[in-house]
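Please take these sequences and the hints and turn them into a complete structure.
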Amino acid sequence: MRIAEISTPELRQSHNNSRSPSQPHHHLISQIESSIKQTESLSPENLIPDSISGDLRRGLTQLSHHAPFPNSLKLAIWKLSYRLWNACVDLSNTASLRSLPSSKAEERAKLRHIAADLLFLAADVTGVPSPEIKSASFYHKTGVKWHELRKFDLASSCFERATDLVSKMEIGSISDAGEKKLLLDLSIARSRTAWEVSDRNLAVALLNRAKGLLFGSPEHFKTLANQYSLFGKSALANSESSSLGEALKLMNEALELYEKGLRVARTREETADLKASRSKTLRFISAVHLQMNEFESVIKCVRVLREGDAGDQHPSLPVMAMKAWLGLGKYGEAEKELRGMVVNNGIPEGAWVSAVEAYFESAGTAGAETAKGVFLGLLGRCHVSASAAVRVSHRVLGESCSEGSKVRAKVVSELVSDNRVVALFSGEAVAKQRTAMHSVLWNCAADHFRMKDYVTSADLFEKAMLYIPFDIENRILRAKGFRVLCLCHLGLSHLDQAQEYINEAEKLEPNIASAFLKYKIYLQKKDQDGAISQIQAMTTCLDFTPDFLSLAAHEAVACRALSIAVAALSSLLNFYAPGKSLPTSEVVVLRTLVTILTQEPGNELEALRFVKRVHNRASELGPNCFFGTGEVGRRERNWFAVTSWNLGTKAGTEKNYDLCAEFYRLASEFYTLLVDGNIGANMVCKALILTVSAIIASENQKKITLPESEVKQAVQLLDKAGKILKSTTFTGNQVSGDPVTTIEPDIYFIYTFCAYDIHGRLNASALQLQLVKTFASSKASNPKFLLQIGLTASQGPQFNHEVATYALNECLSAFLSSSSPDYQNVALIVRKLIAVTSIHKGDTDDDAVYNMYRQAYRIMVGLKDSEYPIEEGKWLAMTAWNRASVPVRLGQIDAARKWMDVGMQLAKHVNGMETYRACMEDFINGFEKKFGAPNDGGNKPKLAI
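At position 335 of the sequence shown the residue is numbered 334 (numbering that gives the first Met the number 0), and the sequence of numbers has no breaks.
None of these hints come from the bench; they were simulated from the model.
Note that the Cβ used here is the ideal one computed from N, Cα and C, for glycine as well.
Among the clues, some could well be false.
Claimed, not checked - Distance condition first, Cα-Cα at most 25 Å in a straight line; then the derived BS3-like pairs of lysine-lysine:
| # | residue 1 | residue 2 |
| --- | --- | --- |
| 1 | Lys299 | Lys259 |
| 2 | Lys179 | Lys274 |
| 3 | Lys451 | Lys409 |
| 4 | Lys725 | Lys778 |
| 5 | Lys133 | Lys180 |
| 6 | Lys133 | Lys167 |
| 7 | Lys232 | Lys150 |
| 8 | Lys654 | Lys701 |
| 9 | Lys179 | Lys167 |
| 10 | Lys702 | Lys725 |
| 11 | Lys179 | Lys299 |
| 12 | Lys649 | Lys611 |
| 13 | Lys611 | Lys711 |
| 14 | Lys654 | Lys702 |
| 15 | Lys167 | Lys232 |
| 16 | Lys299 | Lys180 |
| 17 | Lys479 | Lys409 |
| 18 | Lys335 | Lys259 |
| 19 | Lys180 | Lys274 |
Said to hold, decoys possible - Computed Cβ-Cβ distance ranges for the label pairs, DEER-style:
| # | residue 1 | residue 2 | range |
| --- | --- | --- | --- |
| 20 | Asn615 | Arg474 | 44 to 54 Å |
| 21 | Glu619 | Lys725 | 24 to 34 Å |
| 22 | Ser95 | Pro468 | 28 to 38 Å |
| 23 | Asn924 | Ile838 | 28 to 38 Å |
| 24 | Ala236 | Pro468 | 38 to 48 Å |
| 25 | Glu159 | Gly211 | 10 to 20 Å |
Listed below in structure tokens is the structure:
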């Protein structure tokens, strides 16, 4: 505010006498006055030029060098000081009224400071009462301005200068109330500045010093107590634990000053004001004790406040009392305080919500029911906001699924489903809170779902649906809620309920997610037809992607519904087209299909269909494009080759030779695609040979004749195998050298056997013989293989006497050259050779057959008894003897005698033919008597038989 002009008669006379200051100071005074006039003429909208304060400061400094001054000059300086001060006040008032920016405040503060220094320079003026007080007042007000501008060093300088001025005065001599107030305000102002620069010890010391400047005024007591209280609150806001003790000490000082002020108060207004301040401070003291966990002290403070004259009913008291009782572990008392809030209409919503949160946080799960009861009780007596319901629900539910979370979730479920609570969230005004409540319930339900607590999650998801409006905008959100409820009931195996929810979701939002969940329900119901139909329905959804078919197959495999998995993957194959890329490659889908089909018997034909598709697609797209390149492609090729081989082997074991042939043929194609050199060629060769073997076995099984086309196909397969066999060395005990390709002797034998059979159908007997000779000369040959070839060639539709004779003779030589011949097979070979020779030669070459008997006789000579099979020996002896019957009838004496002789010789080496030998000998004796001995000569009559 403006300072009044000098108006006393003495000063006016002095002023008139001082219009002409002494000559040395005239120039400086004129300069200072000129700058002040410039300041007085300034408009608040214009910036104060820096030159004004600079000129004034320089003029003041120069003028101070000429002190002391005569009284007339002092009076002139005094007047200039007042004029400058009032100009600053006018500028400040105008700026405040016009709400101008505060950027010019610092310049105005500088001018105020100069005005105070001018007044200080004038010192005491004769006739002016208490000049020190007036000068100190200027410095105090200037310091306050610097403090507001946070220029604490300048503020402190002003306050100290003012303190120095008033310290020269006798406190007891001050009677003016304004001067007394100035002394107190000055001390408090210095304290505030010291507190701001963190010199707290000085700040508190200055407040303590101010206690001597109260002059018994209730207003002074209140002012000083308020400052103590402000410092206490500031310390309370500090997070450091040491600050709590300091805050408590300051608050106690304030409390003591309020009580002293009450003792000197005279009016009702003063008393009421001090009591309100004391109660407020006592509440703060209670809060400090609460932060320091001094719960007994909190209870004492609350009791004092409640038992006072007016009975303090501040809303914070029950909250602090409840927290203190909780800290002391007295939950019954805490619950009383909490329930007492229900009937206290003065407690604001924030207070009781905070109390509910604190009670639940301390009491835990046991406090959930109490929290719910308090909340519902409050609904009956006052308007509870939707925000409060969200806060309470969130606090009770907690941040995660911890111990007791099911109980808390149940309590919140009951709370949020209450019609009164739901009504709080109706209308657009609480849309934000409604969304928040939905999020709280949804997130907690999701946590329980992840913990597989489907009962609790379903309950919370269902309650969250209460906070979704029934409008078009929230249709998708409601559909999402129905889908998660479907998932919960799927987890609980409540399939009917799950289907109800997903049907509702599909009505609201018919998308792939709903379609897929319906598919899962069909799966769990084991409704195969329904699941397969749903797979087709999924592909018609607008947001369908092929990935869902892969997922459907995965779900079906997990449920062991393999036919459904096959249907899903078969549908997925329809989406593969040239130029179209899918996350899963076609070969992977086909491999998965074959794997699934082979897990159960009876699916071989279906598996064959997909393996054929693999071969066809690889031919269409190229192996590298279809299977992939590098190691990945090699593994895919190898997998299908090995799988085809294994399926062919399994089919052959089960005597399903048609399937066996198909799989082996495909195996040969896949092995051809491998780049593993010798291994690939080896397996190709074996697969080709076994394919032809299976074709022949199928013909024999069905007892039909192969059509000419299949015979030609078999010839082609055998030609491929033959080319590979030309560079083959055989494994086992016959391996020698470093083979280009190694193959088992059994496979080479099967090749020879099959080639013999197929070429026999084409009447290529010479080629048949060449094949057998090649095999017999190879390292793969052994007597058993040759025996089988010989036996086959010696009978049936593939009869070939040359092959049979060659194979059986080679076999016989091999057996006889062995260190321990197998005479059972030797006897068989001899019999077959006799039969082949007899059939081929007939009666045209009797000596050939005779030589076979003679060879058998030579084999039997020297053997141990029964070493040569007895039955075979008897057969030889008797058939040789019987061959003499025809010559005897025809009178061919020499031929008859030849056969009877060999039969007799053979019988001598066979056990058990003694009786036959005796009969033979009797017949021979009779024969000789009739026809004479072989060396009798002459013509003799023919023997009539």
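| query | Does the Cβ distance between Asn924 and Ile838 fall inside 28 to 38 Å? | reply | holds, 34 Å
| Would you say the C-beta atoms of Glu159 and Gly211 sit inside 10 to 20 Å of each other? | holds, 18 Å
| field | Hinted pair Lys133 and Lys180, Cα distance within 25 Å | value | holds, 13 Å
| field | Holds or violated: Lys299 to Lys180, with C-alpha atoms at most 25 Å apart | value | violated, 36 Å
| request: Assess, step by step, whether the Cα of Lys725 is no farther than 25 Å from the Cα of Lys778, and give holds or violated. | output: At roughly 13 Å apart (the allowed maximum being 25 Å), Lys778 and Lys725 satisfy the hint.
| message | Between the alpha carbons of Lys180 and Lys274, is the straight-line distance 25 Å or under? | response | holds, 22 Å
| Taken at face value, is the distance from the CA of Lys232 to the CA of Lys167 at most 25 Å? | violated, 35 Å
| When you check the alpha-carbon spacing of Lys654 and Lys701, does it fall within 25 Å? | holds, 11 Å
| request: For the pair we were handed, Lys479 and Lys409, check the Cα-Cα distance against 25 Å. | output: This hinted pair holds, its Cα atoms lying about 22 Å apart.
| query | Lying within 44 to 54 Å: is that true of the beta-carbon distance Asn615 to Arg474? | reply | With a Cβ separation near 47 Å, Asn615 and Arg474 satisfy 44 to 54 Å, so the hint holds.
| query | Holds or violated: Lys299 with Lys259, Cα cutoff 25 Å? | reply | holds, 21 Å
| field | Holds or violated: Lys451 to Lys409, with C-alpha atoms at most 25 Å apart | value | Satisfied, since the Cα-Cα distance of roughly 16 Å is no more than 25 Å.
Of the numbered hints listed earlier, those contradicted by the structure are 10, 11, 15, 16, 18, 22.
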